[in-house]
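Colleague: Listed below are the residues making up each chain.
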Amino acid sequence: MTGEIIAIHAVSLCLLIGAGFALVGVIGMLKFNDPMTRLHAPTKVGTMGIGMLLLASVIHSFATGEGSVHETLIMAFLFVTAPIAAHFIAKVNIHRRTCETPPDPPRDETWSTLDTAATDGEGPGPG
Amino acid sequence: MARAFRWLLPHPFLTLLLALVWTLLQNEVSAGMVVFGLILGVLIPWGTSVWWPDTPEGFRLGRMTAYVLLVLWDIVIANVQVAWIVLSVPNRKLKPAWIVVPLDLREPEAITVLAGTITLTPGTVSSDLSDEGHSLLVHVLHTDDPDAVRDEIKTRYERRLQEIFS
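Residue numbers (our numbering), protein chains in the order written: chain A, 46 to 172; chain B, 147 to 312.
Hints are computed from structural coordinates only; laboratory data are not their basis.
Beta carbons are placed, not taken as given, at the ideal position from N, Cα and C, and that holds for glycine.
Among the hints, a few may not be true.
What the hints assert, rightly or not - Partial chain B-side listing against chain A, Cβ under 10 Å, derived: (1) N173; (2) S176; (3) A177; (4) V232; (5) D291; (6) S312.
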């Protein structure tokens, strides 16, 4: 019986920590006022927030008898896809000049996002 | 023999990975499912090898496992640090910075893993690659010493990845 109680406490603790990190991520999202710094907030939710919630789910499933490891897959796919989404949001920010333009790279000519024809910047602009 | 092996299994680690993912998807370990996963793991890389002709030359699974554990630990530490920054540092005192990391890695797979690692570690987001792929652009949320962050990325992650993909 005590095992079950420990498991319940562990699950609650994991849920609390996960929810706490998700909350901090949301606060960061609302607080920061620049697209690039704002991008940092969701990376926290994506790793610790979701990770702790999934850990709670794993512990719960093993405590109630039917073990489940699906959560590892969710985590793995999240870890593979989240950086790509963040990378493209950053690229859009650089491309539309909504952030400070980065310094030139030391060894190559320019950043691949800025490697465009000069006329590209003369579009209708942010609308 | 080696050529037949190459033809049948163009990406041996992908085969293992697919079998593992299939078994995890079933959510139970049974011989039938593992065998079916292995069959998928042979068929899928074989069928798609036309679009993915290059196999990474060296890949050390043991070191990669150690690297993943290190990164997971770093993510936990960095999460706490960044949560503290979000809650305690006011916007006007925040010092975001661009960091340019000169890359010694040449394999596309290794650079992808490095960029992914940087983004997953809270506080840093890899934003762009230079047009020839020799530098990585990283955005840092809050730092007093951008050079130290760059050196840490180079010594902590890039050096290990060089050992893994070599």
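Colleague: Would the hint on A177 of chain B be counted as holding, given a Cβ-Cβ threshold of 10 Å to chain A?
Modeller: Given a least distance of 17 Å, the restraint on A177 of chain B is violated.
Colleague: Does the closest beta carbon of chain A sit nearer than 10 Å to the beta carbon of N173 of chain B?
Modeller: 6 Å, holds
Colleague: Does the closest beta carbon of chain A sit nearer than 10 Å to the beta carbon of S312 of chain B?
Modeller: 21 Å, violated
Colleague: Hey, does the D291 of chain B contact hint survive, CB to chain A under 10 Å?
Modeller: At about 16 Å, which exceeds the 10 Å cut-off, the nearest Cβ of chain A leaves the hint on D291 of chain B violated.
Colleague: Identify whether the interface hint at V232 of chain B stands, where standing means a beta carbon of chain A within less than 10 Å of its own.
Modeller: With a closest approach of 4 Å, the V232 of chain B hint holds.
Colleague: So, S176 of chain B near chain A? Judge it on the closest CB pair being under 10 Å.
Modeller: With a closest approach of 14 Å, the S176 of chain B hint is violated.
Consistency with the previously given hints fails for numbers 2, 3, 5 and 6, ordered from lowest to highest.
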